[in-house]
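Asks: Sequence:
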Amino acid sequence: MTEGPNHSSHQTRARNHRVSAHPTSAHEYGKWSDSIPSSPGVTAAGGQWTCPMHPEIIQDEPGDCPICGMVLVPLVGTGTGTGEGEAGDSELRDLAQRLKVGVVLSIPLVMAAMTPMIGAHDLFGLQPRLRGWVEFFLATPVVLWVGWPILRKFWFSLVHRALNMYTLIGLGVAFAYLFSLAAVFLPGLFPPEFREHDGAVGTYFEAAAIITTLVILGEYLQTRAMGQTSRAIQQLLKLAPNQAWRVRDDGTEEQVSLDLIGVGDRLRVKPGEKIPVDGTVLEGISRVDESMITGEPMPVAKAAGDKVTGATINSNGSLVIRAERVGADTLLARIVHMVGEAQRTRAPIQKLADVIAAYFVQIVIAIAVITALAWGVAGPEPRFTYAFLNAIAVLIIACPCAVGLATPISMTVAMGQGAHAGILFRNAEAIERMREIDTVVVDKTGTLTLGRPTLTDFAVEGMEQDEAVALVAGVEQRSEHPIAHAIAEAAKARGLNLPTPENFEAINGLGVKADVGGKRVLVGSRDFLMLHGVDTQSWHHRVEDWRAQAKTVVFFAVNEIAAGIAAVADPVKEGTSEAIAVLKHLDVRVVMLTGDSRRTADVIARYLGIDEVLAEVLPADKADHVKRLQAEGHKVAMAGDGINDAPALAQADVGIAMGTGTDVAMESAGVTLVKGDLRGIERAVALSRATMRNIRQNLVFAFGYNALGIPLAAGVLYPVFGLLLSPMFAGAAMAMSSVSVVTNALRLNRIKL
Numbered sequence: 001m002t003e004g005p006n007h008s009s010h011q012t013r014a015r016n017h018r019v020s021a022h023p024t025s026a027h028e029y030g031k032w033s034d035s036i037p038s039s040p041g042v043t044a045a046g047g048q049w050t051c052p053m054h055p056e057i058i059q060d061e062p063g064d065c066p067i068c069g070m071v072l073v074p075l076v077g078t079g080t081g082t083g084e085g086e087a088g089d090s091e092l093r094d095l096a097q098r099l100k101v102g103v104v105l106s107i108p109l110v111m112a113a114m115t116p117m118i119g120a121h122d123l124f125g126l127q128p129r130l131r132g133w134v135e136f137f138l139a140t141p142v143v144l145w146v147g148w149p150i151l152r153k154f155w156f157s158l159v160h161r162a163l164n165m166y167t168l169i170g171l172g173v174a175f176a177y178l179f180s181l182a183a184v185f186l187p188g189l190f191p192p193e194f195r196e197h198d199g200a201v202g203t204y205f206e207a208a209a210i211i212t213t214l215v216i217l218g219e220y221l222q223t224r225a226m227g228q229t230s231r232a233i234q235q236l237l238k239l240a241p242n243q244a245w246r247v248r249d250d251g252t253e254e255q256v257s258l259d260l261i262g263v264g265d266r267l268r269v270k271p272g273e274k275i276p277v278d279g280t281v282l283e284g285i286s287r288v289d290e291s292m293i294t295g296e297p298m299p300v301a302k303a304a305g306d307k308v309t310g311a312t313i314n315s316n317g318s319l320v321i322r323a324e325r326v327g328a329d330t331l332l333a334r335i336v337h338m339v340g341e342a343q344r345t346r347a348p349i350q351k352l353a354d355v356i357a358a359y360f361v362q363i364v365i366a367i368a369v370i371t372a373l374a375w376g377v378a379g380p381e382p383r384f385t386y387a388f389l390n391a392i393a394v395l396i397i398a399c400p401c402a403v404g405l406a407t408p409i410s411m412t413v414a415m416g417q418g419a420h421a422g423i424l425f426r427n428a429e430a431i432e433r434m435r436e437i438d439t440v441v442v443d444k445t446g447t448l449t450l451g452r453p454t455l456t457d458f459a460v461e462g463m464e465q466d467e468a469v470a471l472v473a474g475v476e477q478r479s480e481h482p483i484a485h486a487i488a489e490a491a492k493a494r495g496l497n498l499p500t501p502e503n504f505e506a507i508n509g510l511g512v513k514a515d516v517g518g519k520r521v522l523v524g525s526r527d528f529l530m531l532h533g534v535d536t537q538s539w540h541h542r543v544e545d546w547r548a549q550a551k552t553v554v555f556f557a558v559n560e561i562a563a564g565i566a567a568v569a570d571p572v573k574e575g576t577s578e579a580i581a582v583l584k585h586l587d588v589r590v591v592m593l594t595g596d597s598r599r600t601a602d603v604i605a606r607y608l609g610i611d612e613v614l615a616e617v618l619p620a621d622k623a624d625h626v627k628r629l630q631a632e633g634h635k636v637a638m639a640g641d642g643i644n645d646a647p648a649l650a651q652a653d654v655g656i657a658m659g660t661g662t663d664v665a666m667e668s669a670g671v672t673l674v675k676g677d678l679r680g681i682e683r684a685v686a687l688s689r690a691t692m693r694n695i696r697q698n699l700v701f702a703f704g705y706n707a708l709g710i711p712l713a714a715g716v717l718y719p720v721f722g723l724l725l726s727p728m729f730a731g732a733a734m735a736m737s738s739v740s741v742v743t744n745a746l747r748l749n750r751i752k753l
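Under the UniProt record's numbering, the first residue of the sequence shown is numbered 1, with each subsequent residue one higher.
By construction, these hints were calculated from the structure, which means they are not laboratory data.
Take these hints with a grain of salt, some might be off.
Using 20 Å as the maximum straight-line C-alpha spacing, the simulated SDA-like pairs for lysine to any residue come out as follows [said to hold, decoys possible]:
(1) LYS270 / GLY317
(2) LYS270 / ILE313
(3) LYS584 / ARG435
(4) LYS635 / ASP611
(5) LYS752 / VAL674
(6) LYS274 / ILE313
(7) LYS675 / VAL572
(8) LYS584 / ASP677
(9) LYS274 / TRP245
Here are the computed distance ranges between Cβ atoms for each label pair [claimed, not checked]:
(10) ASP60 / LEU189: 47 to 55 Å
(11) THR412 / ALA548: 46 to 54 Å
(12) GLN362 / LEU130: 38 to 46 Å
(13) VAL159 / GLY575: 48 to 56 Å
(14) ILE561 / THR500: 18 to 26 Å
Beta carbons: idealized from backbone N, C-alpha and C, even for Gly.
Required output: the full structure, derived from the provided sequences and hints.
Replies: Here's what the structure looks like:
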């Protein structure tokens, strides 16, 4: 199969400099961010477009693919998004309109075509010849207008000698339609063997129209899915603020558009504001919520010299930062670019279909030509008519509707069955690859655990526990820290009335203090209490026990005396232990990746029975570890829920997102577990294996009918038995192959997950 002559010229003329991410392992932000390449494709204006079927085609303007004729789609992460959205919505609206017209006209067309089959020849008062004209007027708009995108791609496949499924579909539709035109306008060409008992020649308008409408439906669903993916990823770029406070040389501040920020500018980030760009802290102390990037719930303390990331949220302190990466170079923009690059890959099943189609089309055309020549040279009179009709019969019975349905109908049923079980497959590739998975890489926070800290233990001396909880929660309710929030929520859950604190003071990174109910209450770390002269030695052993259980311990003192400790932890999700056990039973290796500490990760791994743990891992390292496992020959599924997991999800053979996670994680993944339950992985594997068996059976049905029917249509039985396969029977056989495929695919609904 060769490419069209314009292929290289288009590719050379409009090629964007393409980069692939090869981040190096690192445990500090600077190394991590340096490892992700700058993305020239993420621009402030303009954009680039590519072909979904031929991702090597990249152009600077929208249009059609020079190889297959498909409408080009915008590269993820390029342009402002406005023009892209308008172009994508315009294409979607056009397909929706064509689909509506196809459905409206195909329904009465099928009803009219079915009347001879049920013996109702005068249904609607239509006589056979008049029925042919009615079918012509109904089918023509469907084939020529509704099916214009298909016919265009069919033509491109011929011109550029890039035979694919559109070649098969175009041949089937074209010959079914042209044969029917001849039957209506030139019935005298047909010998008696090809006429019905009333003298009319059978038509196949309904077959041409139905095939056209079904393919347009598939095009519409595909375009809508691609548009949703593009919009979801584009929304990431909008997480960054539009403006920033720039500090002038004289120390005054001005609010400017983010587009005007340059490398080296000093920027003021006030409490509660989003950090505008990637940079380094010059002045100030604060805590920054980086959960939208890292997925970790705990805000990170920042001081002079620390790195900060654009679009993360500054909590309680004021910072002055130096801008180091702006625009397309920010970490957020480059994550978007990495995800887009990984997504522009073709499903193996589509490649196989194209290969089959290329050979199948050539074989069928060759058989049709040989049939025409044989009948034209050695057939009975009228030789030309027999030659033409038998060649047409070959092409009609070889119509690829069953071949075209074999994969998508099973995939459609499987996706519906998976949805009922809380498993959403993003595309056919995910279903195909899921059956081969032998390694599952899981993120800890939000995947194995709930992703939100809760109060698990509370110990106190010298007072009632509820009184102590109320005092501690009364102080913590003024703090923005997740641990403080967990304690306050636990107190409210107990129905306690929280006193109002006075003289509240927060010491960044250490703890808080306030006067509550006439008592001076300190809450924070051991060091915080020691700074105030409070001895915490009596709690040492219990603290170590709780920390060994992967819990974060908070000390509190009342009136300068150590009164107790509280433990906060991120609980393991219900069903996680069972899911890990089932995967290990299936000989699937489970690897846990987390940015958490080694000690915490090891405790959770031992509890869940996970053998391999990689702790203190940064986002780019996750993608690296997935690549390493793939290089070792493993088929890897990556399960995660955060923006930071998106590159690894896209890199994995199958990405598995938690439905409770971020939109970009779900759009980057091939599978989404709606309830965030890892037990869905085993169900997805079972459904994948059943689906691929079903597809193979469908292909046997589809090609089986062709293998038997094509020789009959060519007339191999005529010399011995005098039998010919009328195009009517060829159409019936074609319909039966489709019925067999659909019926077999529906058996997937009986799979128990």
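Asks: It remains to establish, for every hint, whether it holds in the given structure.
Replies: Consistency of the hints with the structure:
With a CA separation close to 7 Å, the supplied pair LYS270 and GLY317 stays within the 20 Å bound. Straight-line distance between C-alpha atoms of LYS270 and ILE313 comes to about 10 Å, which keeps the hinted pair within the 20 Å bound. For the given pair, LYS584 sits about 15 Å from ARG435 by alpha-carbon distance, which is consistent with the 20 Å threshold. A C-alpha spacing of about 18 Å is found between LYS635 and ASP611, which places the hinted pair at or below 20 Å, so the restraint holds.
Restraint check for LYS752 and VAL674: satisfied, since their Cα atoms lie roughly 18 Å apart, inside the 20 Å limit. As the CA atoms of LYS274 and ILE313 are separated by approximately 4 Å, the hinted pair is consistent with the 20 Å bound. With a C-alpha separation of about 14 Å, the suggested pairing of LYS675 with VAL572 holds against the 20 Å cut-off. Restraint check for LYS584 and ASP677: the C-alpha separation of about 16 Å stays at or below 20 Å, so the hint holds.
For the hint linking LYS274 to TRP245, the alpha-carbon distance of about 11 Å falls within 20 Å, and the restraint holds. Between ASP60 and LEU189 the beta carbons are some 51 Å apart, a value that agrees with the proposed interval 47 to 55 Å. The hinted range of 46 to 54 Å is satisfied by THR412 and ALA548, whose Cβ atoms lie roughly 50 Å apart. For GLN362 paired with LEU130, a C-beta distance near 40 Å keeps the hint of 38 to 46 Å intact.
Separated by about 55 Å at the C-beta atoms, VAL159 and GLY575 satisfy the suggested range of 48 to 56 Å. A hinted range of 18 to 26 Å for the beta carbons of ILE561 and THR500 is consistent with their spacing of about 23 Å.
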